[in-house]
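So the protein sequences, as listed, match chains F and U. Going by UniProt numbering, the first sequence opens with residue 1, and the numbers climb by one from there. Going by UniProt numbering, the second sequence opens with residue 1, and the numbers climb by one from there.
Be careful, since some hints might not be right.
Stated by the list, open to error - Which residues of chain U face chain F? A few of them, derived with a C-beta cut under 8 angstroms, are: (1) R155; (2) R158; (3) A286; (4) T510; (5) G533; (6) Q536.
Unchecked claim - Examples of chain U residues toward chain F, derived with CB under 10 angstroms: (7) T137; (8) G492; (9) A516; (10) E524.
Please keep in mind that the hints were generated in silico from the structure rather than gathered at the bench. Here a beta-carbon is modelled for each residue, glycine too, at the ideal position from N, C-alpha and C.
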Amino acid sequence: MSGTGLLAGDLLAAGEDYLRCIGRADEFGAVDLVVGLLADGVPAERLLLELIAPAQRRVGELWAANRWSVAREHGATAVSERAVAAIATRVRPEPTLGRVTVACTDGEYHALPTRLLAEVLRLRGWRVDFLGANVPGPHLITHLHQSGPDAVALGCALATRLPRAHATLTACQAVGVPVLAGGPGFGADGRFARLLGADAWAPTADAAADRLAGGLPSFATPSQAPAHLADEEYTHLTRRRGELLTGAMAALAGAYPPMAAYTAHQLDATAEDLGHILDFLAAALYVDDVEVFTGFVTWTRGVLQARGVPARALAVGLRIFRDELRDFPRARHMLVRGIEAAHDRGADLET
Amino acid sequence: MTTTRPAGGTDRMRQSTHVADEPPPAGPGEELLRAIVEACSEGVVLCDTDGVVVMVNAAAARMAPEILPGRPAASGRAAALFGHDHPEGDSREVGRGHLRLRVRREAFGVAHHAWYLRDVTAESARTDALLAERRRTEFLVEAGRRLSASLNTRRCARTAVELAVSFLADAAMVVLPPTGRRQAGWLRSVAGQHSLQEGAVTAASTAQVPGLAEALAGFPPVPSRWLDPGQAPRWLLPDGFGQAGHLLVTPLPGNGVPAGALVLARREGGPAFEEEDEVLVRVFAARAGAAISAAALYQEQSATNAILTSDLLPPALPALAGLELAGSLRSAQQAGLIGGDFYDLYLPGPGAAGEPLVVLGDVCGKGARAAVLAGQVRQSLRTLLLLERRPERLTSLLNRSLLASPSPNPFVTLVLGALRTGQQGHVLLDLAVAGHPPPLVLRRDGTVQEVTAGGSLLGALQETVMTPVTVDLAPGELCLLYSDGITEAVGGPTGRQMYGGQRLMQALSTCAGMPASAAVERLEQISTEWLGGDVQDDRVLLAVQARAAR
């Protein structure tokens with residue numbers, strides 16, 4: 001309960017209204033709602049973390065459940081961006097703490113959670129440079145030389161960006177700036193942040209702000225690359241990605257005759273789906289964690305089922321790669337576990 | 001001595017076996033043994049079961065004259081040498097005045113034990129000197145590594161004070177050279193405190209610190225013993241530090257000009273700065289100065305660069321009555337984010353007539369050179385708009401200006417669009433397309449149409465041909481301008497396919513119902529994923545959308 005007397009339940013009710021507004025891409029409605037709550041004395045940080053953040057999580061769930069279209073999902077997110085901006089222009093505390101650079105990993109487009117972190121840090125008194133989504137590594141490093149922050153907060157929402165997040169993290173540390181890692185990509189318990197040598201990890205924006213307030217090392221030192229990368233399965237898999245996908249598309253056409261009637265767009269979409277399998281497999285190899293891969297398979301199965309696509313289609317793709325990747329013991333093991341997850345039972349591996 | 005020597009004679013057991021019927025030879029007498037012990041360079045103190053000294057040799061008497069026969073060994077000053085808990089056979093080192101003694105205890109039967117004393121003063125001084133030298137080398141290696149990491153002045157200065165506090169002093173301050181406003185910024189670190197302290201003093205105040213004004217002017221350092229720590233002003237040391245016992249002020253030599261000064265303080269009662277400390281600090285200051293100076297040079301150049309390139313970055317797109325604009329520029333030159341693709345928005349000045357105008361274009365090449373030409377095109381358009389607002393006339397004038405440009409390849413393709421508001425929330429877009437990929441229109445139902453408005457590229461031919469066209473956007477509908485960096489991106493699942501116009505149209509059709517900003521972000525994301533991390537050409541997108549009805 002906040003000092004203003006607004007109960008958590010009231011904010012929950014406001015959350016329903018807020019979700020309705022962003023679901024209609026009603027920018028004015030959403031902005032009016034948050035500005036009204038601010039005027040009622042609800043602290044800005046609570047609005048960001050207890051109103052906007054949960055609504056955005058619901059948006060993702062509604063899309064996954066096929067209840068919202070991709071257009072509606074993107075529209076809602078764009079409106080939330082405006083709502084965050086509206087709060088940021090109205091509450092501007094004087095910076096009293098150090099300077100922090102907040103960025104999403106190269107290739108990462110889920111910028112809103114990272115934006116929320118940037119705003120929370122600003123509210124707590126940090127001077128924040130928010131570089132936005134998909135920040136190219138060289139640009140981030142140039143920025144670090146120019147601004148000399150005390151820390152970088154690096155967001156990674158998807159495990160597939162971990163190799164690039166690792167490169168960015170190491171580059172930041174090489175110029176001496178410590179890195180606080182956050183976002184689901186680093187694992188629910190932050191295990192990949194530790195594996196890849198981040199100086200700190202936090203599960204939520206407020207925890208990240210607390211962690212930064214506690215102080216990071218003033219000078220960072222890059223850690224050694226994980227030992228399991230020595231088998232080069234990750235390297236070879238990513239290098240052969242195009243070739244593997246071309247082969248898999250041909251094999252799939254043989255195994256699944258209706259593909260002959262696919263439009264160019266359907267073929268693209270199929271290749272893209274197979275590409276995602278390889279990307280998550282590569283990420284799982286990079287961090288040597290089978291759950292990165294089985295988690296992706298389980299999630300995809302749910303998304304496909306919501307759209308009336310049988311899990312068999314996913315399992316066929318996984319089998320093709322399992323048969324293709326003979327010289328990759330770690331990858332094959334992960335694919336076998338992925339096939340189990342696609343069926344949600346381990347009995348019929350040889351079907 | 002007679003022993004049986006078996007053939008080969010290598011078995012030590014057998015060698016030492018006495019023949020039973022011969023008596024062992026007589027050993028040395030007590031006098032002889034006493035003389036041998038007396039001549040030993042190692043001190044020997046023989047004690048009985050009660051720890052009372054039975055015998056002391058000359059060496060032991062030299063090292064500890066108070067040890068006398070008939071008195072307990074561990075009495076008086078000698079108690080520090082002989083501990084009750086000293087394990088038998090072990091050695092340990094004990095300081096005794098300026099001496100360092102190594103003490104060992106041996107037991108002889110149940111009745112006697114002996115203490116052996118060895119003077120290792122010289123030996124341990126050599127070892128200490130070697131270890132100190134190794135620590136200094138390790139410190140300098142670590143300092144070199146950390147100081148070379150950053151090109152940021154503040155971070156370099158911070159690293160310098162934190163390193164200095166870890167090894168050289170109880171408090172360390174870097175004072176940077178006074179700037180144009182006659183203020184000298186400083187950073188300070190104190191042993192045992194995590195946070196860095198920062199501030200600034202007037203150039204005049206620096207003269208209050210003995211030796212600082214000289215150091216900032218680049219004069220060689222003054223030995224610490226000549227500086228009176230009592231004269232240090234209050235601002236130099238943190239609250240609660242107390243009076244400094246010793247001060248050392250060292251210039252930070254830069255590239256040609258001084259990079260500041262390093263002020264080190266040790267607490268009262270702490271060790272003074274010896275000559276070898278001062279030598280080490282000078283070597284450290286040379287490294288720190290070089291790093292700070294290089295960083296300052298980089299900062300100055302990047303600040304200049306930022307000013308020069310600020311006009312080359314895409315402009316902010318304000319909300320306009322009845323329509324939404326959204327743009328995205330991904331540059332192939334990733335560090336500076338500038339390139340040959342560009343977009344811009346021109347609003348009529350206050351009170352001036354005319355409609356807002358958008359432009360999106362692509363100049364030949366990429367990187368800084370292309371960005372400069374793109375900037376010239378944007379600036380030329382701004383000037384020409386004072387005289388002419390009809391797109392086809394504008395492109396013709398721009399063509400003539402490009403032909404007169406000194407640039408070797410002043411080729412530009414672009415789309416110009418004048419924005420008018422129509423009836424019932426419609427937006428009318430008068431488009432001129434000069435050798436550029438055709439704009440796309442996204443209708444409310446998700447249909448995507450290509451705009452057929454032809455025209456020649458600019459900067460190549462004397463005469464340009466232009467067929468302007470007007471696009472009518474109903475509320476929610478959107479017109480997308482883009483560069484060939486989007487459509488010609490090579491990648492996709494196999495890594496070898498060109499993205500192409502068909503895929504762009506397909507992707508755009510999935511954006512029906514989205515606000516312009518979301519549509520642009522989605523298209524940029526799809527394009528980035530198509531490239532799969534590869535960087536090929538600049539990519540630019542600009543969407544004009546008639547605002548959706550509420």
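Are there hints from earlier that the structure breaks, and if so, what are their numbers?
3, 6, 7
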